[in-house]
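**Student:** Using the hints provided, position chains R and S relative to the given structure of chain Z.
Here's the letter readout for the chains.
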Amino acid sequence: MNRSLKRKLSYGTNASLVTVFVVALVVLLFGVSERHRFRWDFSAEGSNRLQRDTLNKIRLIQLAGEPVRITGFTAQSGKQDSYYKNRALRDLLEEMDLASGSISCRFIDFDRERLTAEALGVTQYATVVVQRGEGRVDLRDRDLFRRRGRGENRTLEFLGEAAINQALSRLMSDQKRVIYSLVGHGEFKIDSTDPDGLAEVVALLEQEHYEVKELDLVRDRAEGSPPAVPDDASALLLARPRTMLSLPESDALVEYVSRGGAVMVLVDVGLPPPRLLARLGISVPDGTVMDKRMVYPYNDRPVLLYGRHSITRDLTDMDLVTVLSHVAPLKWADPAPDGIMYEGLLKTSRRGWIEMGGATENGLPVFDSRYDTRGPVTVALAIRALPGKGLVMANSPAARLVIMGDADWSTNAVINEGPGNKTFAVNTFRWLVGDEERLSVVGRPTSVRKLALTEEDTHMIRWVALGLGPVCVLMIGAAVWASRRGR
Amino acid sequence: MIEVKALCKRYGPLLAVKDLDFHVGKGSILGFIGPNGAGKTTTMRILTGYLPATSGDAWVAGFDVFESPMEVKRRVGYLPERPPLYPELSVGDYLYFVAEIRRVPARERYRRVGEVMELVGLSGWERRLLGSLSKGYRQRVGLAQALVHDPQVLILDEPTSGLDPGQTVGIRELLRDLGGDRTVILSTHILAEVEAACDHVVLINQGRIVASGSLEQVRHEATGGIVYGAELQGEDIIMAVAELEETTRVEPLPGDGAFQALKIWADSDPRPAIARLAANSGWQVRALEKITPSLEDAFLAIVGREPSAHRPGRSSR
Amino acid sequence: MTAVWAIFKKELRIYFVSPLAYVFLSVFLFLSGLFFYLGLTVNGEASLRVMLGNLAITMLFVLPMLTMRHFAEEQKAGTFELLMTSPVPLGSLILGKWAASIVLCLLMFLGTLIFPAVLAYYGDPDWGVMATSYLGLILCSFAFCAAGLFASSLTTDQVAAGLAGIIILLPFWLIGSATSFTTNETLRQILESAALLTHLRGFTRGVIDSADLAYFASFSFIFLFLTYRTLESRRWR
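Protein sequences, first through last, are from chains Z, R and S. Taken in order, the first sequence gives residues 893 to 1379; the numbers are from the numbering used here. Taken in order, the second sequence gives residues 322 to 638; the numbers are from the numbering used here. Taken in order, the third sequence gives residues 71 to 307; the numbers are from the numbering used here.
Hints should not be assumed to be uniformly reliable.
[As the list claims (entries may be wrong)] Facing chain S, a subset of chain Z residues (Cβ under 8 Å, in silico):
#	residue
1	914
2	926
3	1184
[To be verified] Simulated pairs of lysine-lysine, DSBU-like, Cα-Cα distance not exceeding 35 Å:
#	chain 1	residue 1	chain 2	residue 2
4	Z	1081	Z	1105
5	S	146	R	326
6	S	79	R	456
By construction, these hints were calculated from the structure, which means they are not laboratory data. Quick reminder that beta carbons are idealized off the backbone N, C-alpha and C, glycines included.
Only chain Z is shown next, with the shape it has when bound in the complex (with noise of 0.2 Å):
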């Protein structure tokens, strides 16, 4: 009997249930072994370990308890860098979708799965987003990727994990950071779709994770007490004040200053710049700022030039161009106040001039020595106030400020006729916020290894990699066919 069971056993129909169970075993081991697994990096510049600071962040989120989901859409195709942004964005997110179970990442070829893109709102190539819970933030293109250099040095670095970091600590943290805007004296309304609205440059930013809200300092105080500026502030904003701000008003930005506040303010041509802007040392001289190259149908679009600050250098390496119109000039006191630093963002060429009247040729106002100041003309400054000295307490931290000789440049009507101006919104808003570690972190470039081949080098590498091989096989085959013919 027992040699009959061993037979039934070894054959028939129990030996395919027998084979399936051991097939499914190692499938079950397998299984187990894609979630218990042990990487080892190779590559030189280790470039496939995640950073201690991402580690640490994972490592939060897990304890956490509720998961991210991160989704990376391919860069589009055929364009420049395209092949190395995809493939450095896939190897980030594929070690940051093993590092935990509690992040899952997938990358998908934005052309071909339209519809997931549909589903997330996503409408450019090259977007990543994070999502935990209900909150979400998107990076883009421009915060992923950098150029650096031009011509043969030019390399582009890749900060994808630096963006999803801080990404992450934004969808950690538990309030939002609030922007509020100024109300109560004619500024831009940010919740109008109208031309002069800005509905659009708040939208973006509320898709950065802030959220924007109004505040009338005389209205929204509490009883009894001057009005302030609330504590949540992350940054406030003047979006051009059509009427002086009261006297109280005006204090309560100089106490939040004080406190280390962030403030970004627009002035335009004719109306009464803040006080705030006398205890800084900045003054808004008459007259408009014009330029003479016919670019924009209008000479009062001033071509600009960027300084050289975190806010503004994404449009430098970008190329990009930013539109304000009908500008104000600010100027500066020199020596500036105590612990006050200044830095430029915006200015005009040599070309472009403050016009204060005079001559005209067809109609449109020219340079005039006789009334004009020359260029070049600053029409955007970042300020830092140091804490300690003069404007801000010691133990707050730098006071950041932005002002901007012009409004219109962010509303609706303009914000997308310079396709640098949204970058530059976000980007202030970053800097002034604190968030612009993230600018001033060195990505890593995207490990791509350059050959520089010459004409002959390529035709000299065609025959060898075609030819070479095949033929020298071929040739051992024959001479191994020839050897045994006959025998």
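**Tutor:** Chains R and S only, in chain Z's frame:
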């Protein structure tokens, strides 16, 4: 040396071998005879461990074929119906390879390969490619491969099929030379071969043994006793012969002209009695002989008794 | 072990005298040269990433052609009977044949080493990444050879065996892209873990992952095991 008990092999609904029982002693040569598709190849494949039996037992060289197939395989040399050759290899390489897989110790391999090549008459052919050999030489290489590990048991499936008469004689002589203490099973449907080489015969038809034993026994069994023939001329010959004490049965055969041919079964030699009877009755005697039945007769007699001589089946492949 | 070694030597010997092997070898080298050249000129990068990725796919088509002979031809020519009536365990037979096909693959890869040499001459490639890429390719060939052997055990017709091999392997390549057609997360993950390229990507950028190793090990084991069972069942069916 080889012991088979109640061996059955079933291919699906088809019973290829049924209740096979036989025994081959050490040093003897067994002829395995049967029509095509009788189950010869299947039985041999079971004995060599290539096929598992459905039920029943088999021992070869003292080992159970199902329990310890490796031990059996080490001791058996097997030549399948078609010599298993790799056309790309040379004779020497091939035999060396077979020596390796048949576990000939490394230092003896070259010697053994040389020996078997000489034995089967392939000396000097080492470098010939198997693909370029003629049928007869392929058969020789097949035989050499079965012998290379000096097996105690040789199982040869139709070793002479497809050979010309000269080659057949050669193989037959070779088999006789190999004899000695080797046990050989040889399947064939050419009966002369068995008569020339075998001590024992197993006759198989439709998967069943129909006769087995020594050549004499099988003949006897097949034809039912010793047969005598006579050609006589006279009156009432059949009746007179049948009435003799010695004869058991008489059968008239078509004679020519005046002579009547008879086929006579008898318990003891009836010839003196017939001679006497002929002398007394005045018959003329042209022939009076003892007929030794050929194996062919036996074969035909036995196969003829079966309902149908041929049936399709996988065992014939 | 002796048996494995004997089978291995025999298989290699047969490989090297059959003209087909040389044709496939040169086709393989030509294609890898083409991928290398294209990868180099289109991206101008000192890396084999493009080539190695494409080679895996090429192997998917070429390797079944190299392994199709094994069991199909043995069964057709009757030599399988010789092997099975010799004291060679079926496992040793399969291992010997598997090893021989792998060694042939290693020789093919040896031929592609001119490309790293070219890169080293003109630039400064990342040797760590190069080494892991080749490791991935080698593991891939382990798996493909196992699947090819399995295909070869299914039929006695060589060409059918070759096609069967391709048909067996093709899904593992295609399901990689099939993931974009499903919205079911679990299904997508299962497809992704089963897909071939998922487990090659790590190697092509310098990462050795235990799960990738496990993938190729299981892949090879399953197909070798199935080969074993098929060949065994051929005898009793």
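**Student:** If a hint holds in the structure, say so; if it does not, say that too.
**Tutor:** Checked hints:
The beta carbon of residue 914/Z comes within 6 Å of a beta carbon in chain S, closer than 8 Å, and the hint placing it at the interface holds. Because the smallest distance between the Cβ of residue 926/Z and any Cβ of chain S comes to about 5 Å, under 8 Å, the interface hint for this residue holds. For residue 1184/Z, the suggested interface contact is broken, since its CB lies about 42 Å from the closest CB of chain S, more than 8 Å. Simply put, residue 1081/Z and residue 1105/Z have alpha-carbon atoms about 10 Å apart, close enough for the 35 Å limit, and the pair holds.
Taking the CA atoms of residue 146/S and residue 326/R, the gap is near 32 Å; set against the 35 Å cutoff, the hint holds. With a CA separation close to 27 Å, the supplied pair residue 79/S and residue 456/R stays within the 35 Å bound.
Comparing the model with each numbered hint stated earlier shows that hint 3 is the single one that does not hold.
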